[in-house]
Amino acid sequence: MTIAKSTSTPITQEKAKWIFQKMHEIRQFEDKVHEIFSKGVLPGFVHLYAGEEAVAVGICAHLDDKDYITSTHRGHGHCIAKGCDLNGMMSEIYGKATGLCNGKGGSMHIADVEKGMLGANGIVGGGFPLAVGAGLTAKLKKSGAVAVCFFGDGANNHGTFHEGINLAAIWKLPVVFVAENNGYAEATPFEYASSCKNIADRAQAYNIPGEVVDGKDVVAVYEAAERAVARARNGEGPTLIECKTYRNYGHFEGDAQTYKSAEEKQKHLQENDAIAKFRHYILSNQLISEQELLNIEQQVTKAVEEAVHFAEKSPFPSAEDLLKDVYVSY
Amino acid sequence: MTIAKSTSTPITQEKAKWIFQKMHEIRQFEDKVHEIFSKGVLPGFVHLYAGEEAVAVGICAHLDDKDYITSTHRGHGHCIAKGCDLNGMMSEIYGKATGLCNGKGGSMHIADVEKGMLGANGIVGGGFPLAVGAGLTAKLKKSGAVAVCFFGDGANNHGTFHEGINLAAIWKLPVVFVAENNGYAEATPFEYASSCKNIADRAQAYNIPGEVVDGKDVVAVYEAAERAVARARNGEGPTLIECKTYRNYGHFEGDAQTYKSAEEKQKHLQENDAIAKFRHYILSNQLISEQELLNIEQQVTKAVEEAVHFAEKSPFPSAEDLLKDVYVSY
Amino acid sequence: MARKISFSGAVNEAMKLAMRKDQNVILLGEDVAGGANVDHLQDDEAWGGVMGVTKGLVQEFGRERVLDTPIAEAGYIGAAVTAAATGLRPIAELMFNDFIGSCLDEVMNQAAKLRYMFGGKAKVPVTIRTMHGAGFRAAAQHSQSLYALFTHIPGLKVVVPSTPADAKGLLLTSIFDDDPVIFFEDKTLYNLKGEVEEGFYTIPFGKADIKREGSDLTIVAIGKQVHTALKAADILKTRGVETEVIDPRTLSPLDEETILSSVSKTGRLIVIDEANPRCSAAADISALVADKGFDYLDGPIKLITAPHCPVPFSPALEDLYLPTPEKVLKAAAEIIGDEAIVTA
Amino acid sequence: MARKISFSGAVNEAMKLAMRKDQNVILLGEDVAGGANVDHLQDDEAWGGVMGVTKGLVQEFGRERVLDTPIAEAGYIGAAVTAAATGLRPIAELMFNDFIGSCLDEVMNQAAKLRYMFGGKAKVPVTIRTMHGAGFRAAAQHSQSLYALFTHIPGLKVVVPSTPADAKGLLLTSIFDDDPVIFFEDKTLYNLKGEVEEGFYTIPFGKADIKREGSDLTIVAIGKQVHTALKAADILKTRGVETEVIDPRTLSPLDEETILSSVSKTGRLIVIDEANPRCSAAADISALVADKGFDYLDGPIKLITAPHCPVPFSPALEDLYLPTPEKVLKAAAEIIGDEAIVTA
Ligand SMILES: Cc1ncc(C[n+]2csc(CCOP(=O)(O)OP(=O)(O)O)c2C)c(N)n1
Ligand SMILES: Cc1ncc(C[n+]2csc(CCOP(=O)(O)OP(=O)(O)O)c2C)c(N)n1
Ligand SMILES: [Mg+2]
Ligand SMILES: [Mg+2]
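Top line first, the protein sequences correspond to chains G, S, Y and Z.
So the first sequence is numbered by full-length UniProt numbering: it starts at 1 and just counts up by one.
So the second sequence is numbered by full-length UniProt numbering: it starts at 1 and just counts up by one.
So the third sequence is numbered by full-length UniProt numbering: it starts at 1 and just counts up by one.
So the fourth sequence is numbered by full-length UniProt numbering: it starts at 1 and just counts up by one.
Please note that a few of the clues may not be correct.
[Unchecked claim] Examples of chain S residues lying across from chain Y (beta carbon under 10 Å, computed): (1) A155; (2) N157; (3) H158.
Derived by calculation from the structure, the hints in this document are not laboratory data.
Beta carbons are placed, not taken as given, at the ideal position from N, Cα and C, and that holds for glycine.
Turn these sequences into a full structure, and let the hints steer you where they fit.
The following block contains the structure:
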């Protein structure tokens with residue numbers, strides 16, 4: 001199995017703008033959360049997506065609101081790529097009443113069902129069956145929708161990986177399984193925990209296509225996603241895409257990352273940054289002017305700051321919210 | 001992937017006798033249980049192993065008491081092949097105090113830890129992690145023991161398949177995974193429920209050897225087991241062996257088997273019987289005389305009848321047994 | 001019009017009616033149709049579930065809506081959760097409630113919590129039907145009654161019917177309820193026959209049914225144990241004790257009012273629950289009354305449950321494991337303080 | 001000699017002592033060592049668990065006995081069960097008790113039932129350590145207290161320590177006990193410091209600890225809530241109420257005697273349990289007393305538990321979710337019938 005690199009450029013200017021902006025939103029949002037967290041303001045566990053932007057954005061570039069995604073504990077990037085509101089997201093992370101989930105979910109359960117974002121998930125491997133269910137609805141209702149399941153290299157060894165992909169395969173459901181192989185599950189290297197060389201190699205066990213993609217190359221991800229989403233929409237069943245990537249921060253905020261080597265960090269954070277790479281791609285293909293890119297970057301900076309402001313000035317939920325929405329009726 | 005057929009004959013006369021006797025014990029034991037069950041004497045769910053004898057016996061021919069096996073709801077054959085006492089087994093199936101488990105386990109939980117038989121299991125897929133645990137003990141204690149995990153084609157889609165094999169692979173445990181692909185999980189065909197063509201194909205997902213064997217050919221099973229057990233004992237890790245087989249009776253006693261075609265039944269029960277095949281093999285290789293085979297058959301018949309007699313005359317457990325052995329101490 | 005049909009027939013009928021009424025109702029589970037993709041198999045020969053409870057559904061609704069699944073409970077129960085959240089109204093069959101061990105996460109952490117975690121912006125109208133109960137000689141892994149585990153978990157509704165008529169009405173309510181419901185079917189009740197109205201009807205959740213009225217003693221009994229209670233009540237009557245038998249029908253929500261008002265009348269409470277005793281539904285009902293009904297009580301609250309041990313295989317032991325009318329009489333004698341109730 | 005060490009330090013020390021004492025004791029779980037196969041990583045830089053509780057163990061005992069696992073709870077918890085049945089004495093870490101959804105079968109149907117189903121011919125000396133508890137802003141899937149589920153299941157022992165000293169002694173008992181034990185560690189207690197004896201000692205199961213003596217009111221409190229009880233007791237004393245605080249320490253087995261004898265003295269009972277209320281350990285203890293201690297009771301049994309809802313993320317809501325001394329005062333006022341207790 002070889003790593004698929006981008007070959008052609010099917011990306012329009014408009015798409016390129018969208019991709020660039022979304023990647024920036026994710027990066028700046030996460031950098032900001034990191035900064036705020038270090039001040040001790042934010043409650044709970046926070047897992048940042050910075051470094052992996054090309055995956056969520058390259059995939060979601062092919063989806064619209066009727067399509068579904070299931071996410072992970074590291075879900076901010078998926079949310080943003082799927083079009084969730086930054087204000088609502090930041091508020092949620094603060095535990096405020098104006099959050100996407102009224103402050104009840106937090107970073108690990110952030111969701112926006114209207115946007116087809118079926119939730120971050122505190123349970124590793126939790127997303128596989130959930131993506132299958134969304135795919136089942138799409139198939140039975142003939143809605144043409146696709147369900148994407150984002151999951152980590154750690155999740156790849158959980159039983160739900162096996163059950164979920166097998167189900168999607170035998171029922172030929174419109175599901176795309178996207179492995180975000182960032183090399184680690186917490187402090188445990190992929191190579192230690194997984195008996196396979198590539199996660200995509202496991203596709204053979206389900207008679208579905210499996211593809212390894214450079215997850216720092218958003219164009220490559222975009223192209224692989226195009227093939228997989230088309231296959232899904234055509235009723236041909238699921239695909240497994242493995243994106244080799246890296247998380248720029250620790251497993252969660254507070255992780256000293258002793259398991260990462262200095263060279264490795266240098267390589268990923270400095271030399272092989274997905275956003276820098278795409279910026280270079282845009283400029284060398286003269287898709288968007290440098291000035292316009294700068295404008296986008298600045299708009300994003302403003303939007304993220306606005307989100308923090310919005311979150312900070314928002315109220316906490318009130319006492320009667322505690323018992324609300326446990327049930328529709330009881 | 002091709003089906004491995006027996007090529008040479010490493011089977012000694014002594015081994016052949018043992019194999020022939022064990023296969024007969026299983027067949028006659030199960031035929032007898034079938035007969036008694038139809039009279040309404042036996043309690044609960046009973047799943048018969050008749051038809052699949054070559055698998056349990058071909059594998060267990062390489063094991064001794066220090067080795068472990070984990071079994072399934074269809075566990076009588078594994079028990080017999082692993083050397084469990086027929087009287088104790090039959091009594092257990094009757095729910096009698098003299099049963100292997102004092103009547104508390106029954107057909108679905110029959111076990112004999114002293115013989116390394118770690119229990120039939122009412123939970124499909126339950127055996128994978130259990131075999132891994134026995135393999136872990138063997139490895140850490142350097143006992144040289146091997147753990148064999150018998151499982152069905154239905155179990156092959158359960159999450160524990162994936163978790164168990166991956167664990168055994170990364171830890172290079174002395175475990176042999178033996179799929180008994182009898183074509184059905186209850187009334188559901190293997191081909192419908194599984195996205196793989198062969199269960200053994202899934203071995204690639206764990207970087208371990210996978211082999212398909214004719215599960216009606218005990219010599220072929222014996223040879224494949226030899227390779228896998230040697231590999232395990234050498235510390236090279238697990239192997240996945242898939243035995244294509246067939247169950248002669250229904251899923252459980254009482255199943256009308258409408259999902260099986262007449263031709264299929266004819267083929268398996270008449271033309272492709274594992275015992276008849278091995279009998280022919282023995283005779284054509286002049287390993288054992290026909291007279292001696294007849295003697296064995298008759299001895300087995302007597303032993304099975306004795307087992308029924310033993311079970312019938314045995315007492316039921318008494319009231320104080322109800323609360324015994326929930327804990328070692330409480 | 002009412003006719004006598006079996007408990008399993010009533011369950012089957014409810015599913016049929018629900019699937020006729022709403023295209024979004026689908027059924028999935030292991031062998032719920034049976035024989036998927038077997039060429040020669042006529043749909044009417046298909047199993048329809050391991051106990052035949054779903055028989056005939058695939059004939060009427062086809063294999064698109066009656067889906068056989070692999071043995072992958074986490075996979076298909078989890079799938080049912082989001083299928084529900086995205087617009088379907090699935091009935092997922094967990095063959096035996098004992099198999100919850102393979103898919104508790106999907107029920108406890110996903111189905112039960114989605115709505116709350118999402119701030120009310122999702123609903124999960126899934127019904128999980130599952131078999132429970134001892135007495136079938138099915139041993140420790142196929143005989144449990146695990147409704148306490150589910151009742152403990154907020155976000156789930158828990159239904160345990162005792163009669164064919166209740167089973168039908170409550171299952172229809174379950175299917176059209178917008179929250180996740182776990183619907184328990186006692187395998188030893190399937191052949192029980194009872195009067196069941198034809199056509200579509202529902203029974204509200206959180207409304208206990210007073211299966212027998214009485215003034216001296218309240219028995220709250222769960223599922224099949226309602227019948228143990230009724231038998232005991234018959235005997236108690238001959239010994240001068242008028243027993244009120246309350247069937248809560250749903251454990252979550254629980255009809256606290258009916259239970260409390262009965263105890264306010266009788267002053268005495270026995271709970272019969274064939275599950276294991278610790279942290280059980282029986283203990284839960286006792287705790288309710290020991291708080292809110294304490295002032296009504298004339299004596300201790302007695303629980304008749306299984307002992308704290310797994311379900312034994314041997315018929316000789318399993319019969320000792322289960323509640324019996326005799327055990328109820330003993331408890332009644334104790335709280336009433338009249339030994340003669342047992343021996344009379 | 002006793003020194004002040006933290007709860008997590010006490011847990012760590014117990015494991016160290018156990019592993020020194022017996023070669024068969026091994027530890028396995030996700031990142032219990034951390035950084036497996038990372039060349040440049042020194043063992044002293046390894047995580048030692050997500051909260052650092054197992055830090056240093058891999059240094060002393062090596063990676064053969066301190067095994068990092070993939071995220072495969074069914075796989076490695078199940079493996080621990082038979083590793084135990086075949087001669088090892090594993091400590092398996094289930095990082096958060098909320099993840100039991102991924103491996104309930106291995107605990108409920110295998111570990112708990114093997115011995116019974118096999119007629120006593122096996123033993124399963126496995127200890128499953130797991131984190132629980134709300135207050136960490138970890139939201140619905142990482143904050144539950146699920147000990148009721150395990151207490152319901154016969155064959156398991158359930159330990160919920162509240163202090164460093166208890167944690168150490170009870171963990172050592174757990175590891176060397178021949179039955180499967182689920183050992184709960186409240187993540188919000190890890191930094192709590194307390195006097196802990198050096199060296200090896202054990203604390204017997206089924207023996208409650210009277211954390212404070214009193215004659216007017218009995219509070220049974222579970223895990224961290226022992227501290228809520230003690231705080232409430234301090235306040236109650238200033239209002240003339242002498243409170244006895246009982247820490248059961250093990251829920252299964254439960255020390256019925258100590259609880260009943262306390263209530264026989266005080267006549268009043270409050271149970272504090274931060275888990276959800278239905279079919280809870282709190283309800284279980286109430287039911288015990290409503291039966292065997294009924295005659296001692298002067299008033300209703302009050303339960304202070306979480307409400308019937310998932311754990312909310314927002315700190316504002318989570319603080320309302322948990323028991324507080326104020327809630328205890330209110331309940332005490334109610335059963336004692338003296339409003340002044342709350343407001344004084
Ligand atoms: C079922 C389950 N087991 C364990 C955990 C604890 N946990 C949270 S994230 C994580 C690592 C996940 O690794 P991976 O899937 O590679 O995702 P990444 O964090 O690298 O994005 C673990 C073990 C969990 N949340 N759920
Ligand atoms: C976890 C679980 N799910 C479902 C069942 C019900 N069940 C018992 S046997 C069986 C079929 C098993 O098929 P297979 O693995 O092929 O074994 P076979 O019966 O063919 O030997 C099923 C679904 C179970 N016992 N456990
Ligand atoms: Mg990872
Ligand atoms: Mg099969």
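Consistency of the hints with the structure:
1. A155: holds, 6 Å
2. N157: holds, 4 Å
3. H158: Since the shortest Cβ distance to chain Y is 5 Å, the answer is holds.
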